[in-house]
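K.L.:
Since the structure of chain G is already known, use the hints to place chains V, A and X on it.
Residue numbers (the working numbering), protein chains in the order written: chain G, 63 to 217; chain V, 63 to 217; chain A, 63 to 217; chain X, 63 to 217.
These are calculated hints, taken from the structure and not from any lab test. Worth double-checking, as some hints may not be accurate.
Identical copies look the same in the list; a pair holds intra-copy or inter-copy alike.
[Stated by the list, open to error] Result set (EDC-like, lysine to aspartate or glutamate): computed pairs, CA atoms no more than 20 Å apart in a straight line: (1) K180 with E77; (2) K117 with D140; (3) K180 with D192; (4) K199 with E114; (5) K183 with E119; (6) K216 with E133; (7) K189 with D134.
Number of protein chains: 4
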Amino acid sequence: MKKLPVTVGVIGSGECSEELSSLAREVGREIARRGGILICGGLGGVMEAACEGAKEEGGLTIGILPGTSREDANPYVDIPIATGLGDARNVIIVRSSDVLIAVGGRWGTLSEIAFALKFGKPVVCLKGWDMLPDVQKALDPVDAVEKAWTLAAKS
Amino acid sequence: MKKLPVTVGVIGSGECSEELSSLAREVGREIARRGGILICGGLGGVMEAACEGAKEEGGLTIGILPGTSREDANPYVDIPIATGLGDARNVIIVRSSDVLIAVGGRWGTLSEIAFALKFGKPVVCLKGWDMLPDVQKALDPVDAVEKAWTLAAKS
Amino acid sequence: MKKLPVTVGVIGSGECSEELSSLAREVGREIARRGGILICGGLGGVMEAACEGAKEEGGLTIGILPGTSREDANPYVDIPIATGLGDARNVIIVRSSDVLIAVGGRWGTLSEIAFALKFGKPVVCLKGWDMLPDVQKALDPVDAVEKAWTLAAKS
Amino acid sequence: MKKLPVTVGVIGSGECSEELSSLAREVGREIARRGGILICGGLGGVMEAACEGAKEEGGLTIGILPGTSREDANPYVDIPIATGLGDARNVIIVRSSDVLIAVGGRWGTLSEIAFALKFGKPVVCLKGWDMLPDVQKALDPVDAVEKAWTLAAKS
Numbered sequence: 063m064k065k066l067p068v069t070v071g072v073i074g075s076g077e078c079s080e081e082l083s084s085l086a087r088e089v090g091r092e093i094a095r096r097g098g099i100l101i102c103g104g105l106g107g108v109m110e111a112a113c114e115g116a117k118e119e120g121g122l123t124i125g126i127l128p129g130t131s132r133e134d135a136n137p138y139v140d141i142p143i144a145t146g147l148g149d150a151r152n153v154i155i156v157r158s159s160d161v162l163i164a165v166g167g168r169w170g171t172l173s174e175i176a177f178a179l180k181f182g183k184p185v186v187c188l189k190g191w192d193m194l195p196d197v198q199k200a201l202d203p204v205d206a207v208e209k210a211w212t213l214a215a216k217s
Numbered sequence: 063m064k065k066l067p068v069t070v071g072v073i074g075s076g077e078c079s080e081e082l083s084s085l086a087r088e089v090g091r092e093i094a095r096r097g098g099i100l101i102c103g104g105l106g107g108v109m110e111a112a113c114e115g116a117k118e119e120g121g122l123t124i125g126i127l128p129g130t131s132r133e134d135a136n137p138y139v140d141i142p143i144a145t146g147l148g149d150a151r152n153v154i155i156v157r158s159s160d161v162l163i164a165v166g167g168r169w170g171t172l173s174e175i176a177f178a179l180k181f182g183k184p185v186v187c188l189k190g191w192d193m194l195p196d197v198q199k200a201l202d203p204v205d206a207v208e209k210a211w212t213l214a215a216k217s
Numbered sequence: 063m064k065k066l067p068v069t070v071g072v073i074g075s076g077e078c079s080e081e082l083s084s085l086a087r088e089v090g091r092e093i094a095r096r097g098g099i100l101i102c103g104g105l106g107g108v109m110e111a112a113c114e115g116a117k118e119e120g121g122l123t124i125g126i127l128p129g130t131s132r133e134d135a136n137p138y139v140d141i142p143i144a145t146g147l148g149d150a151r152n153v154i155i156v157r158s159s160d161v162l163i164a165v166g167g168r169w170g171t172l173s174e175i176a177f178a179l180k181f182g183k184p185v186v187c188l189k190g191w192d193m194l195p196d197v198q199k200a201l202d203p204v205d206a207v208e209k210a211w212t213l214a215a216k217s
Numbered sequence: 063m064k065k066l067p068v069t070v071g072v073i074g075s076g077e078c079s080e081e082l083s084s085l086a087r088e089v090g091r092e093i094a095r096r097g098g099i100l101i102c103g104g105l106g107g108v109m110e111a112a113c114e115g116a117k118e119e120g121g122l123t124i125g126i127l128p129g130t131s132r133e134d135a136n137p138y139v140d141i142p143i144a145t146g147l148g149d150a151r152n153v154i155i156v157r158s159s160d161v162l163i164a165v166g167g168r169w170g171t172l173s174e175i176a177f178a179l180k181f182g183k184p185v186v187c188l189k190g191w192d193m194l195p196d197v198q199k200a201l202d203p204v205d206a207v208e209k210a211w212t213l214a215a216k217s
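Okay, chain G solo, but in the shape it has when bound (with noise of 0.2 Å):
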């Protein structure tokens, strides 16, 4: 069987702070430094500014959308996925990737984090949930996306 890239998905708030979204942007450049896919629920904020970055860096990115139109995807998703299915799209985003980046986030986040969980899959939270119990901390971007590597070699 060939060998995937590792595929990283990024989750996090459609609308959020500079910050956040400084903080997103760089991460989605690492990822495609590294040769990483990265797969995204599409829309914006932290979704948006990660795909930016790794368009950047020459990255590949996937969106997989709530709603029934590959058009609601943010300008720099490469590879829009339509589904329709409203929030049940989380569960895809968490199915189809190695390891997730959580950039802050709210409780759709925490639902692709427990999805991870649930599914043996590992987090690495960038502030927001990095409380809970069995997800990596990071202390800045280059540092979430080396532990995703890490995580997703071993598992």
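P.N.:
Frame of chain G, contents of chains V, A and X only:
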């Protein structure tokens, strides 16, 4: 429009301790005594104990199953719904409840709590995830159901 | 294991002619007279007429809704299940039925017939898609329900 | 908004004859020659043959898998998406395509054709379900892809 009875999602692990099982059974009894409909994931553990309690008091129970066969339902489910959607069925339990009561629970339960809070539905926690922000902590089964009714009336 | 009543999926368009509506109502009545549970998509047209008929005869009706609110259900649905999954909810109607009766219907109905035949569930067609291979053609509502019962008993 | 390449859903059975396999491979080649993206269910039979053809011509292939593991994808899928949703994933293939080409196919394929027509997406049939109303009948693989491009441009 006709007024539906209060529908309470009871969430928790498919395998659980005697203590949690006993609490869940009492939660189910109390929901039925108040005329509520109990909805859950339809499997064992907390789900089965809650359904058993509800049936002891003549209540109605619905199980939203992850698999493709209605025969996976525990014997106390009146209305088994087979989804074939795996863990994505958690969203349906939440969407179809007025209020959720979590009895203990691990990651799957956390995903349901997260969806509930995302969708603006109140959550009462009996043990388990009661340290989360925005959930109501219950002291015992009767307190849990009482709080659920109060919150459902407001929302 | 307890024996569940026969669960019949009644499928058809959300808007329909008086003729189809009248046929669907009679299908619903006949299902209820035989003690079956009626499951459907929960909306208008054929779904509403079938539920209305079932309630006239004291039957139980379940509506698996595409949207996020149980209040979208027609007034004759006893148990509304809100999925938020859009048309993907069609799979759940089929998975949760022992046998399906299609009353007229267009593309959505065809998707349900196709899933039913894929899953090995019998399909009875009253008008509409009755030229398809592997479906049973019914002459009238009573014939449709009679055939459904016979097929459900065999499968 | 950036212009996405045409995305073509290629649908058909997971096991198929040499003849259909050969037709599907040529459909995949022709989609790639025109710069289209091929999306499919990611498994064997028609799906695998179409992906193999697309890769021979340097195309990009996406597989929307029913199971929970990306490793279920056939070896010619570039972007495997694991949904864990079973047959409900058919909706996602349709939602994410501009146009669909069915190569032979049985009930699963019919469910996808039905969803496509429900969602207003054009369908080209090469063998199989070409007697259905509202689908375009193709004479051979090149004709199928040509018709798909014409229809996608109009819709």
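K.L.:
Next, verify each hint and record whether it holds.
P.N.:
Okay, the hints, checked on the actual structure:
Taking the shortest Cα distances, K180 and E77 sit within 20 Å of each other only across copies (14 Å), while inside one copy they are farther apart (26 Å). Proximity of K117 to D140 under the C-alpha cut-off of 20 Å is found in both arrangements, the shortest distances being 9 Å within a copy and 18 Å between copies. Taking the shortest Cα distances, K180 and D192 sit within 20 Å of each other both inside one copy (17 Å) and across copies (19 Å). In the homo-oligomer, the alpha carbons of K199 and E114 never lie at most 20 Å apart, since the shortest distance is 23 Å inside one protomer and 41 Å across protomers.
Taking the closest pair of Cα atoms, K183 and E119 never come within 20 Å of each other, the shortest separation being 26 Å inside a single copy and 35 Å across copies. Taking the shortest alpha-carbon separations for K216 and E133, only the inter-copy value of 17 Å comes in at or below 20 Å, while the best intra-copy value is 36 Å. In the homo-oligomer, the alpha carbons of K189 and D134 never lie at most 20 Å apart, since the shortest distance is 27 Å inside one protomer and 34 Å across protomers.
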